[in-house]
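Student: So you can see what is in the structure, the chains are spelled out below.
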Amino acid sequence: MGREAILKSIKENKPDLLPIPKINADAFAEDINLKDVFKSNIALVGGNIKEIEKEAIDLEIKALYSNAKHIVSVTTKSSLGTVSVSKDTDPHNLENIDLAIVEGELGVSENGAIWVTADNSMVRALPFITNDLVIILEKEKLCLHMLQAYDNISQRDRDFGVFISGPSKTADIEQCLVVGAHGAMSLTVLLV
Amino acid sequence: MNHAEKAEVFNKDEAKVNWHDKALWYVREKRDTSAHKVQGWEYLRELGSGIKANVLSNLDEYLVQFESNAQKNGVIVHWASNAEEHNKIVGSILDKHQAKKVVKSKSMLTEECHLNPFLEKKGIEVIDTDLGERIVQLAEEPPSHIVLPAIHKTKEEVDVLFQEHLGTKPSQGNPEYLVSEARKHLRDKFLKADVAITGVNFAVADTGGFVVCTNEGNADMGVHLSKVHIACMGIEKIIPQEKHLGVFLRLLARSATGQPITTYSSHFNKPEEGKEMHIVIVDNGRTEQLSREDFRASLHCIRCGACMNTCPIYRRSGGHSYDYAIPGPIGSILSPGKDMKKHSSLPFASTLCGSCSNVCPVKINIHEQLYKWRQVIVKEQKQPIIKKSILKVAGVVLSKPNLYAIAGKSARFALKHAPKFMIYNKLNAWGKARDLPEIKNENFDEWFKKRNKDG
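Chains S and R supply the protein sequences, listed in that same order.
Just so we're aligned: 1 in the numbering used here is position 18 of the first sequence, and the numbers increase by one with no gaps anywhere.
Positions in the second sequence are counted from 1; adding 224 to them yields the numbering used here.
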């Protein structure tokens, strides 16, 4: 239908070819403590962040989410899972999950975003449909800004991935910020 | 009704206008704070602008590249020349899956194409899932802002709407309560949906993937719970390479709301096993805009809304006064290209202060384009006789210094001594709802000469 017409019209109407600008990464260089800035940005976007030892992960989660019953853990770093999932799990069955525990691949200091892939969450819907979300991130896996982040994930197998920065939120009612819109009501990042 | 007349309606509720004005200015201030924290922010804007300029100059190649990469990933790609074709394509995908329930996340393109009424006529339930969009959908109104769709509604109005449609209890507009009720209501819709429709923030030519940004998580709740995902995008959403997302995602949320990034930036490349992913690529007037040398940079727009938040006219006239899917300064340079007659008053809804151009993350020369549209419109559209004759007289007076001096003197005399009804009447738009400033005895020229003489 429209394909040929659209392409033809673009060819006729586009300006002469302009170059793709080269990105000078030096312009964005900053001598900052990645971890400190990352932590303060997680707080800024409404998340909790704790730096703990790997061995203390389960203890910490238990203390933070003592009421959680239906827990999905898709990381070997936690054994708190009470509901097991596989790639074939129907996401509709996750409707009543209280807590999901996933690993993050990469943290971005400038905005507190954490890269979570389909592999990390097993079921794509998991980090969104769960009531509360815990992301475990190794502190070596921090980078300065989004340009570096895309460098770091450029070699991945591309199916689905999401940068998550804080819990879901909205300010659509008179600009009042309310945490907990459609996705997770809270986000805790455990930096190990 | 033209923009000024519609703005007058919005201005009847003074308290609301004042709130609207301040709320949006607050968002603008948050944008400033956020932008100033970024090392190399201005360079980032230059990069954004430069990449978009390259995109427009090579758009056909990028679209073909994007299509072929997306197809390799198992995505089904469609092309639509206009709104009608777009709606038909979406309709036929829904028919194929016998879909009756659709959840939609924010997409200004489907708004532009009037997709909802088209699908509703086919007996399909379409639920807008962004909270602000759901609010205006329940109120049977269009969004009044592209990022804050319900910014024109008070919390009390939302309260009443929810009581009527969601059966909530009166809460005097308690935002926490209303959001939690909306969450329950929409969760049910997500769980029962057959198909999810989303917009596209950026489509990457060299990977065939695309990115959708939300704060609420509504796009992901819809997509991951339904069998079919339809993503609708204008042709200008393409960027050349994935690494360029590193530029645009740094710019987008900071410019929009002052957040360092949206809560969710979701990267879709392949459909899940057993599911379908469709992309509809839409022209609908964009290639025509591409042909207009003076106006093609308007296609750089990444829909952040910063130009609206900063605009003194938008803040005091409200999004509905523009009567176009994209309101505010950017809408005022996009809309005349679509329908000059209908939108001819919009390029005049500006003080040409240039604040929009200053905050635009991709450096669109919005105020210059507004000025250029005025020149086109004055030539092609019939202007009111009063405006024409006043401008003719002004042209003569301004070209003759002596006449100008006399005119100035008599005007200052008249404004000081003439009875009120002669000054504050229909001919004087500047005297509407406000007093003119105090009239001085001398003009600037006289004042300046005297000042120099006095040392």
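Source of the hints: derived by calculation from the structure; they are not laboratory data.
Remember, it's a predicted structure, so these values are computed and weren't measured experimentally.
Backbone N, C-alpha and C define an ideal beta-carbon position, used for all residues, glycine too.
Among these hints, one or two may not hold up.
As the list claims (entries may be wrong) - Covered by chain R, per the in silico footprint, the following chain S stretches (three or more residues, Cβ under 8 Å):
1) -12 to -5
2) 16 to 28
3) 33 to 47
4) 52 to 65
5) 81 to 88
6) 121 to 134
7) 153 to 160
Student: Hints numbered earlier in the text: which of these fail when held up against the supplied structure?
Tutor: 3, 4, 5
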